[in-house]
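Protein chains: 2
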Amino acid sequence: MNIEIINTGSELMFGLVLNTHQQWLCRQLTDAGYTVSRQTAVPDTGPAIQQIVREALARAEFVIVTGGLGPTSDDLTRDLIAALLGKKLHTDEAILTRLKDFFAQRGRTMPEHTHVQAQVPDGALVLPNPNGTAPGLAMKVSPNPFRPDGKTGWLVMLPGPPRELKPMFTDHVLPLLRQKFPLASTFICRTIRTTGIGESIVEEKIAAPLKPLTDAGLELGYCAHYGEVDVRLVARGADAEKSAAAAEAIIREQLGTHVFGTQDDQLNAVIVRLLTERKETLALAESCTGGYVANRITDVPGASAVFLGGLVTYSNEAKQNLLGVSAETLAEHGAVSAATAREMAEGARKRMGSDYALAITGIAGPGGGTETKPVGTVFIALATARHTFVLNPVNRFDRPTFKQITCQQALELLRRTLVKH
Amino acid sequence: MNIEIINTGSELMFGLVLNTHQQWLCRQLTDAGYTVSRQTAVPDTGPAIQQIVREALARAEFVIVTGGLGPTSDDLTRDLIAALLGKKLHTDEAILTRLKDFFAQRGRTMPEHTHVQAQVPDGALVLPNPNGTAPGLAMKVSPNPFRPDGKTGWLVMLPGPPRELKPMFTDHVLPLLRQKFPLASTFICRTIRTTGIGESIVEEKIAAPLKPLTDAGLELGYCAHYGEVDVRLVARGADAEKSAAAAEAIIREQLGTHVFGTQDDQLNAVIVRLLTERKETLALAESCTGGYVANRITDVPGASAVFLGGLVTYSNEAKQNLLGVSAETLAEHGAVSAATAREMAEGARKRMGSDYALAITGIAGPGGGTETKPVGTVFIALATARHTFVLNPVNRFDRPTFKQITCQQALELLRRTLVKH
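Protein chains in written order, with this note's numbering: chain A, 1 to 421; chain B, 1 to 421.
Chain A extracted, bound-state conformation (with noise of 0.2 angstroms):
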């Protein structure tokens, strides 16, 4: 069985939005069992969205097609799919009263055009939308017309705003796809998310072992992030969990203590959930990484049991005043120096009263680097209760790859040293 999706917008032709839609449909549909064949972005015009979706509708059973279905008048594609698919469109009265009181409950006058997101080809589902104006559509294509048997297709349409696409999909389409296409076997994709080991280091450790389930069916495959290596393993039929386990339990004996988790894991998540069985607490001191790492603690859910904050000391006089760094270190080495980031990390840890203090400086870039301490030079330091560890990486990077993989090194250290203690 097939899916496809289809992302329409000429926003994304131009490079002007980043289409995270693709990454968040794969990912629910892989979790259910699902596997996308293909996703492909046009412009929203009328011939290249009708062309994208014959032939979408001639290669998958189940087409997913988002944006489109707003107010303005760019927004084509019910017009453009109905007329492909030769329905007429009607008036749905109870999207229209709907859509009425949505603006009525907010004092607004409806907008004139906001009308036509309550038209709805003949034959199709509306799919409710409790958190925008435009509901989605699905309409069963059968038989199916772009294909040479005429099996049946079914072709979901999406509104284009995340928080409104995603209940969306998650209350009906999947169930849809569900009832319509049950699973015909076990299917599972697991990931092992590893760190401080390169991509072909990983193979060369771990080809070897896992080749009888390998030979046996099982896939492989290796993704590299920033410091990370993903290890992800695909297994399907009766033994797909037999297999899976037996796979990640000797990637674990090969990789030891690089493998710092598994599926969606982040290192964010894991140090808090370290900290938090460990009933031990964390404080940040950042300069060039300038909030960034205290923003990744932040995203995890329950961070604040076990972060007490963070100082973002851009200037001197906040690593004087804040952190207590002492003036002569910073006129002797500088701001950016190991003396200093151990100052501000004890600093940090002193003052905030935590277990743990990380403490960050160094030259983001483009500008401030100088010949001894070139753009990219970082010092990490990670106060405990017993010693102050100092990291000094140098990380010549665009700004913003400049911050990740400063914050992945300093999260790493405090991962290394929870893990050893």
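Derived by calculation from the structure, the hints in this document are not laboratory data.
The structure presented is a predicted model; accordingly, all values stated were derived computationally and were not measured.
Treat the hints with caution; some may be incorrect.
Pairs count within a copy or across copies, as identical chains cannot be separated in the list.
For lysine-lysine, the following DSS-like pairs were computed, each having C-alpha atoms within a straight-line distance of at most 27 angstroms [as the list claims (entries may be wrong)]:
#1 Lys151 <-> Lys180
#2 Lys100 <-> Lys88
#3 Lys100 <-> Lys205
#4 Lys151 <-> Lys140
#5 Lys420 <-> Lys205
#6 Lys350 <-> Lys88
#7 Lys166 <-> Lys373
#8 Lys88 <-> Lys180
#9 Lys180 <-> Lys100
Given the coordinates of chain A, assemble chain B onto it according to the supplied hints.
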């Protein structure tokens, strides 16, 4: 002329990673005057890659394929495309030497499988990769066997890692594209960015005044993000610059201070620019946004000139010790209150010695809500020399969206205050 982008990788189909290449490549091409007609992502299996390359070469004159050039066993793009186009692979000695040097310089032995990255299809151009091991490849497809007219196409293969792909695209692919497909006529794509106004209202205000221009061929599009609506103008031909300028003037007149920038302008960069021009400074005190606002401000190069520092005060103790919020205020009104937000902002302004201070306290959720202060309750305070302003929106969203929208509101409060004075 048609350009298509193909991203390969089963991790995309499983929703394990976000496809950021699409946006980046499309944006670069748009800025250079080219338009992408379709983006496709497929799994890294042989049939899927060969099928989409065949289709894309039948439709487009320039096809960019990303991913699958690495050293592991699921990196098949090079081999599959060579086979599809009937080309043999040979070992490129210059690449092999570079690979060996790459590992030698890092004091590592070259893993055996890395050799495949020195394989080049006969007749292909090699695109150097100073940031990694896999070089890119460009192949002239002439005559093009997938088009009835046999018209020459170009197929470019780029490595997946962003910091390898990006410079390779800029330094080698764009010059190749410009040389082989020089632009026929002027093309302008301009985005006018607005905030604090809905998509329908934007269209109601500007569509009629712009009608003479749109009737004459100007294309108009709308794109709503969190708290922002972009208006996109596309103009072509000899009058493109004049037409786009006239349209922008009309939009600015109709929307006034709702317009905060153009093109890639971000609210954070606008604020750093405004503060820099006025030689004024900012401090931050964040509770529920947990460093998100500080991170956004410090994403802007040069932020250090205007941003003195930020405090992430998750605990009540930190609010008292670091910001001087009074115990009475916390006891009487609670940590999430207008009074606490006000004292946080005024405390941050005083302790950091800044001209402005933004403070944010609220309940991000999913836990922590009460009957009188449900999840999503936020207080945003802006302290200035003359007055402290407090906003009290209710942002009922998931945790990451909550942070984004709350940050947007805080930055917009500051921007409006700056442009009014």
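Which hints from the list above does the structure break, by number from lowest to highest? 6, 9
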